[in-house]
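Colleague: With the hints as your guide, set chain D with the ligands onto chain L.
Protein chains in written order, with full-length UniProt numbering: chain L, 1 to 170; chain D, 1 to 901.
Do not take every clue at face value.
[Stated by the list, open to error] Within a straight-line C-alpha distance of at most 27 Å, the following computed DSSO-like cross-link-like pairs (lysine-lysine) qualify:
| no. | chain 1 | residue 1 | chain 2 | residue 2 |
| --- | --- | --- | --- | --- |
| 1 | D | LYS209 | L | LYS151 |
| 2 | L | LYS151 | D | LYS132 |
| 3 | L | LYS153 | D | LYS657 |
| 4 | L | LYS151 | L | LYS124 |
| 5 | L | LYS124 | L | LYS134 |
| 6 | D | LYS132 | D | LYS209 |
| 7 | D | LYS132 | L | LYS153 |
| 8 | L | LYS134 | L | LYS151 |
| 9 | L | LYS124 | D | LYS209 |
[Stated by the list, open to error] Restraint ranges, calculated between C-beta atoms of paired labels, are given here:
| no. | chain 1 | residue 1 | chain 2 | residue 2 | range |
| --- | --- | --- | --- | --- | --- |
| 10 | D | SER212 | L | LEU168 | 31 to 39 Å |
| 11 | L | VAL143 | D | PRO680 | 56 to 64 Å |
| 12 | D | GLY753 | L | VAL143 | 26 to 34 Å |
| 13 | L | PRO149 | D | ASP405 | 55 to 63 Å |
| 14 | L | CYS92 | D | GLU93 | 50 to 58 Å |
| 15 | L | PRO149 | D | PRO680 | 41 to 49 Å |
| 16 | D | PRO752 | L | CYS92 | 22 to 30 Å |
| 17 | D | SER858 | L | LEU168 | 51 to 59 Å |
Just so you know, these hints were derived from the structure itself, not from any lab.
As the structure is a computational prediction, the values presented were derived from the model and not from experiment.
C-beta: ideal position from N, C-alpha, C; glycine also.
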Amino acid sequence: MFGILRTLWLTFLHMGHRRVTVGYPETRPALPPRYRGRIILSRDPDGLERCVACNLCAVACPVDCISLQKAEQDGRWYPEYFRINFSRCIFCGFCEEACPTYAIQLTPDFEMSEYVRPNLVYEKEDLLISGTGKYPDYSFYRVSGVEIPGKDKGEAEREQPPVDVRSLLP
Amino acid sequence: MATIHIDGRPFPARPGENLLQACLEAGADLPYFCWHPELGSVGACRQCAVRQYSGPDDRTGRIVMACMTPVTDGAILSIDDAEAREFRASVVEWLMTNHPHDCPVCAEGGECHLQDMTVMTGHAVRRYRFTKRTHRNQDLGPFVNHEMNRCIACYRCVRFYRDYAGGEDLAAFATHNDVYFGRHADGALENGFSGNLVEICPTGVFTDKPFSAVYSRKWDLRGAPSVCTHCAVGCNTIVNARQDTTRRVLNRYHDAVNRYFLCDRGRFGHGFIAAPSRLRAPLARIDGRPTPVPVQDALRRFQMMAQDGPVVGIGSTRASLESNFALRTLAGPARFSTGMAEPEHGLTRLVADLLRTTPARNPTLHEMESADAVLILGENVTVTAPRAGLALRQAVRQATFDIADAARIPRWMDAAVRTLGSEARSPLFIATPGPTDLDPIARATSRAAPDDIARLGFAIAHSLDPTAPEVADLPEDAARLAADIAATLRAAARPLIVAGTQYGTAALPQAAAAIATALAAHGVDAALSLVLPDCDSMGLALMDGLSLDAVRALARDGGIGTLVVMENDLSRRLDPAALDALLAAVPHLVVIDHTATPLSARADLILPSATFAECGGTLVSTEGRAQRFLQVLFPDLPLQAGWRWARDLAQAADPGKAPDWQDLDDIIAAIAAATPSLAPIGRAAPDAAYRLDGARLRSEPPRISGRTAVRANISVRDRPPPAAPDTPLAPTMEGAYGPATPGALVPYYQAPGWNSVQSLNRFQQEIGGPMRGGDAGVRLLDGDGTPRPRPAYATAIPAPFAPRAGEILLLPEPRLFGTEELSSLSPPVAARVEAAALRIADDSGTAPTIALRLDGQSVVLPVIRDPALPPGIALCPPHMALRAFTAPAWAIVQPDGGDAP
Ligand code: SF4
Ligand code: SF4
Ligand code: SF4
Ligand code: SF4
Ligand code: FES
Numbered sequence: 001m002f003g004i005l006r007t008l009w010l011t012f013l014h015m016g017h018r019r020v021t022v023g024y025p026e027t028r029p030a031l032p033p034r035y036r037g038r039i040i041l042s043r044d045p046d047g048l049e050r051c052v053a054c055n056l057c058a059v060a061c062p063v064d065c066i067s068l069q070k071a072e073q074d075g076r077w078y079p080e081y082f083r084i085n086f087s088r089c090i091f092c093g094f095c096e097e098a099c100p101t102y103a104i105q106l107t108p109d110f111e112m113s114e115y116v117r118p119n120l121v122y123e124k125e126d127l128l129i130s131g132t133g134k135y136p137d138y139s140f141y142r143v144s145g146v147e148i149p150g151k152d153k154g155e156a157e158r159e160q161p162p163v164d165v166r167s168l169l170p
Numbered sequence: 001m002a003t004i005h006i007d008g009r010p011f012p013a014r015p016g017e018n019l020l021q022a023c024l025e026a027g028a029d030l031p032y033f034c035w036h037p038e039l040g041s042v043g044a045c046r047q048c049a050v051r052q053y054s055g056p057d058d059r060t061g062r063i064v065m066a067c068m069t070p071v072t073d074g075a076i077l078s079i080d081d082a083e084a085r086e087f088r089a090s091v092v093e094w095l096m097t098n099h100p101h102d103c104p105v106c107a108e109g110g111e112c113h114l115q116d117m118t119v120m121t122g123h124a125v126r127r128y129r130f131t132k133r134t135h136r137n138q139d140l141g142p143f144v145n146h147e148m149n150r151c152i153a154c155y156r157c158v159r160f161y162r163d164y165a166g167g168e169d170l171a172a173f174a175t176h177n178d179v180y181f182g183r184h185a186d187g188a189l190e191n192g193f194s195g196n197l198v199e200i201c202p203t204g205v206f207t208d209k210p211f212s213a214v215y216s217r218k219w220d221l222r223g224a225p226s227v228c229t230h231c232a233v234g235c236n237t238i239v240n241a242r243q244d245t246t247r248r249v250l251n252r253y254h255d256a257v258n259r260y261f262l263c264d265r266g267r268f269g270h271g272f273i274a275a276p277s278r279l280r281a282p283l284a285r286i287d288g289r290p291t292p293v294p295v296q297d298a299l300r301r302f303q304m305m306a307q308d309g310p311v312v313g314i315g316s317t318r319a320s321l322e323s324n325f326a327l328r329t330l331a332g333p334a335r336f337s338t339g340m341a342e343p344e345h346g347l348t349r350l351v352a353d354l355l356r357t358t359p360a361r362n363p364t365l366h367e368m369e370s371a372d373a374v375l376i377l378g379e380n381v382t383v384t385a386p387r388a389g390l391a392l393r394q395a396v397r398q399a400t401f402d403i404a405d406a407a408r409i410p411r412w413m414d415a416a417v418r419t420l421g422s423e424a425r426s427p428l429f430i431a432t433p434g435p436t437d438l439d440p441i442a443r444a445t446s447r448a449a450p451d452d453i454a455r456l457g458f459a460i461a462h463s464l465d466p467t468a469p470e471v472a473d474l475p476e477d478a479a480r481l482a483a484d485i486a487a488t489l490r491a492a493a494r495p496l497i498v499a500g501t502q503y504g505t506a507a508l509p510q511a512a513a514a515i516a517t518a519l520a521a522h523g524v525d526a527a528l529s530l531v532l533p534d535c536d537s538m539g540l541a542l543m544d545g546l547s548l549d550a551v552r553a554l555a556r557d558g559g560i561g562t563l564v565v566m567e568n569d570l571s572r573r574l575d576p577a578a579l580d581a582l583l584a585a586v587p588h589l590v591v592i593d594h595t596a597t598p599l600s601a602r603a604d605l606i607l608p609s610a611t612f613a614e615c616g617g618t619l620v621s622t623e624g625r626a627q628r629f630l631q632v633l634f635p636d637l638p639l640q641a642g643w644r645w646a647r648d649l650a651q652a653a654d655p656g657k658a659p660d661w662q663d664l665d666d667i668i669a670a671i672a673a674a675t676p677s678l679a680p681i682g683r684a685a686p687d688a689a690y691r692l693d694g695a696r697l698r699s700e701p702p703r704i705s706g707r708t709a710v711r712a713n714i715s716v717r718d719r720p721p722p723a724a725p726d727t728p729l730a731p732t733m734e735g736a737y738g739p740a741t742p743g744a745l746v747p748y749y750q751a752p753g754w755n756s757v758q759s760l761n762r763f764q765q766e767i768g769g770p771m772r773g774g775d776a777g778v779r780l781l782d783g784d785g786t787p788r789p790r791p792a793y794a795t796a797i798p799a800p801f802a803p804r805a806g807e808i809l810l811l812p813e814p815r816l817f818g819t820e821e822l823s824s825l826s827p828p829v830a831a832r833v834e835a836a837a838l839r840i841a842d843d844s845g846t847a848p849t850i851a852l853r854l855d856g857q858s859v860v861l862p863v864i865r866d867p868a869l870p871p872g873i874a875l876c877p878p879h880m881a882l883r884a885f886t887a888p889a890w891a892i893v894q895p896d897g898g899d900a901p
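Chain L with its partners taken away, still in its complex shape (with noise of 0.2 Å):
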């Protein structure tokens, strides 16, 4: 009997509370960017693609939906293919947290629904935008070692120039 009146008060109470449910899709809530959503790949601030094809994402995501081939070009490496199945991703933003480049990314979109499972399926086309995403500053390449067009030996951050091996001086 008390419960029952406990109940109804309680409910009585949430008459003044603030909504918590909106009307989806009519009222869209403002989810942070931190929010784990639909995966991106980002470019660096040279508008040059970010991932360099190291795996790591690949083999941090507990359900394996990351496959990808490294391709090499006047020494940087990037994906060849890059393929996320979201039929099978949980969001659950391993990759992210491995990749050592900040080039995978979640959004916080995650309106990505579709009636057959193939269409779930982003190659690298659908997954790269032309921005740097949540990080705009980092460049891997500006602190690799690795020569890259514009960037010799010796140019990269805290890089002396290269050695003189001929050079016997102390």
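Modeller: Then chain D with the ligands, alone, in the frame of chain L:
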């Protein structure tokens, strides 16, 4: 056995080894860089520091380098000691100060010893905030990538390349922090073992260049134990594959055979699997054009052909025992050919007979390394059996080891031993027509024609044992050399005689066997090693069959209705006229091969077979060791193993009598039952029913990635793993795996905390010893261990070589790259092939080319004049300018040849 105490726990240790080895054998995680099990210790990296106490009462102890400290009984040490840990952490931190931020784009990542050791020492946060030194890279040719920034100056590369493999074009330059490992200038690494730098270097400085083009992380690669098919040594390999393509070949340790190293032909020769020359569908000649047909149609066509007369099968020295045996069953033993023409056919059998009857040891490669006197009799071993050449290079170090033993310096103290014995070399005598890579370390070399070399050999035998036939008219200098070599071999404890079939003469292996027999008569523990040309030459010698010459005779008499050729390009064995005559006399030609050849272009029916990566099988190495290679790729029909095609053809021709082999183990059992000399091959590796800890072994690492995405562009449905009836390895990541995996079944090396190839240490009973799970392969020529009766000496001593006027004796001189059939189709190897040239004695001519006529063919070849070569002979690479040239032949020198282009 000594006992050492590591952090309070006793462990057995071998006296004579160092503490680092002992700790690793005890299963401890002790980081190291510069020590290598085959190269020994130099104490350069200071990474293996431990605290050693002088006794139970010693409470302070001292920090020592484990790799430089010999094991003593009762030694007490601590790996866990706080100061030792801090010492090791500082060392890694220093090594990392200049290390680039490269792991994501480093092909070593995921199997990097430096990564492993950094994690092991606990160095996680970079404190160094200053600038890093950088280096420029070099282009080192098609095999090896160079990224010098990643170097930690452990010196392993130069110690292997220069000290172990005898290379000269890789060195350490500059000083202190700047030290640089590279060539004096850009250019391909010249040494034939340069690919081992990839595994030797503990960092990503040297990485596999062809692999980089199809790169995958180690955790994504399926592996299978395999056997190299590019010469007769039979080095053990691991083949890695992903997404239906092979990606690379790695060394697989076999303590008696290749141990830690492969030659570059073996490591980079697998590219033929994906080359455009691959055959992938049955092709029937319809209206004169090869046209793809379904399998059933192809078999029906064969059924029709088989009604037109007897089926004759030609096997191949590059096909597995199984494929050869299946073909032999299809054609019948009397109509099966080994696919070798004379003289190779007879020589191959002779070699098998000599190895079976000579009362001398038939050494393993590892035993060859400890020979203390070596005579090479007419074989350029570094090109015909490259890995054996590397073993012989180590043999000359025996004298050094003797000096070190006398001075009580352990053999693994590499720098000390090399300095101490730098002048001392065990005797190595080389008698060959042309120069060889081993010449610089030989005590004496003799340049002579093959017949004269054989005479020298027989003279040595006679001088050792007067009952051996005497060589008449021996020139005085040859007699002196023979007596000198005889005395040296007689004085040695473990002399080794090496010969082979390269120069197509029976006299050379016979002379070598005569010397070994004569030495054995004196009670010397002599060894005889004979080199055959191809990966399954010995298998065919033991299987027996007709020579190609006999097949030609059969065809001339109209005795062939259909000729079935298994993985053998006859255009490399028969000169064009002979091949035309053979094919003209044969109504139907069926070729089973994985690679298109000039022969397959003429076939009426082509059936695509599987390469060594796509099927399982057995090969018999020149040492007589049967070894199994297992499947790493599982292609769909119509690609199938050669033996399955032969079985299907037999079923099409005569369903009643055809064999009913379902899997590899069935046919292996059939071979063992039918051929007594091959009966033990079943023991070469565990069969498909093998279980470790009650489970099938896995062939994929446990963390393979992308399984639900890799095929999702084709279908999002899961696919069951392929059926794998021929192999005990499951083609998945589920299954057993561990240090007790049999050596014949190791799909990859990995141990907790050890992701690089260095994890091999965990799989060995003792470092450098046999595998915990047992070694791979089974030796077939050893007999039952009863002492062998002394065989009669060969009496057919050749006459002295006599040059002919206007003619020149062409001798086959194979090359590391370019003369072996399949590796030449691999793009990185093809990039290293140099144009064919003729090496002749100095004829005081100046023309850059020479024109020859041989068997009705004319060729013009560039010449290299070599004053050291005996006059009247010329060294010519086989299968290059003259495709069918394999055996010595007299060629007519065209007088005006020099003017030709
Ligand atoms: S969010 Fe998780 S499940 Fe989805 S791709 Fe990334 S790692 Fe895989
Ligand atoms: S972890 Fe980042 S850089 Fe590496 S493959 Fe994935 S997206 Fe590319
Ligand atoms: S060598 Fe090893 S630690 Fe260095 S960048 Fe390559 S993977 Fe990383
Ligand atoms: S290149 Fe590799 S093997 Fe050579 S010293 Fe540097 S890290 Fe060691
Ligand atoms: S491994 Fe001991 S000092 Fe390098």
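Colleague: For a C-alpha distance cap of 27 Å, please report whether L/LYS134 and L/LYS151 respect it.
Modeller: Roughly 25 Å between the alpha carbons, so the hint for L/LYS134 and L/LYS151 holds.
Colleague: Mind checking the alpha carbons of L/LYS151 and D/LYS132 for me, to see if they're no more than 27 Å apart?
Modeller: Holds, at roughly 15 Å.
Colleague: Decide if the proposed pair is consistent with the structure: L/LYS124 and L/LYS134, CA atoms, cutoff 27 Å inclusive.
Modeller: Roughly 19 Å separates the two Cα atoms, so the pair holds.
Colleague: Within 27 Å, alpha carbon to alpha carbon, are D/LYS132 and D/LYS209?
Modeller: Holds, at about 26 Å.
Colleague: Honestly, do L/PRO149 and D/PRO680 meet the 41 to 49 Å range at C-beta?
Modeller: For D/PRO680 against L/PRO149, whose Cβ atoms are near 59 Å apart, the range 41 to 49 Å is violated.
Colleague: Would you check the hint for D/LYS132 and L/LYS153, treating anything up to 27 Å between C-alpha atoms as holding?
Modeller: Satisfied, since the Cα-Cα distance of roughly 11 Å is no more than 27 Å.
Colleague: Could you see if the CB distance from L/PRO149 to D/ASP405 stays within 55 to 63 Å?
Modeller: 57 Å, holds
Colleague: For the pair we were handed, L/LYS153 and D/LYS657, check the Cα-Cα distance against 27 Å.
Modeller: Not OK: L/LYS153 and D/LYS657 at ~70 Å, beyond 27 Å, violated.
Colleague: Does the hinted range 51 to 59 Å hold for D/SER858 and L/LEU168 at CB?
Modeller: 57 Å, holds
Colleague: Could you grab the alpha-carbon distance between L/LYS151 and L/LYS124 and see if it respects the 27 Å cut-off?
Modeller: 26 Å, holds
Colleague: How does the Cβ-Cβ distance of L/VAL143 and D/PRO680 compare with 56 to 64 Å: does it lie in that range?
Modeller: Taking Cβ atoms as reference, L/VAL143 and D/PRO680 lie about 58 Å apart, which means the hint holds.
Colleague: Range first: 22 to 30 Å. Now tell me if the beta carbons of D/PRO752 and L/CYS92 are that far apart.
Modeller: Given range 22 to 30 Å: holds, Cβ gap about 25 Å.
Comparing the model with each numbered hint stated earlier shows that hints 3, 14, 15 do not hold.
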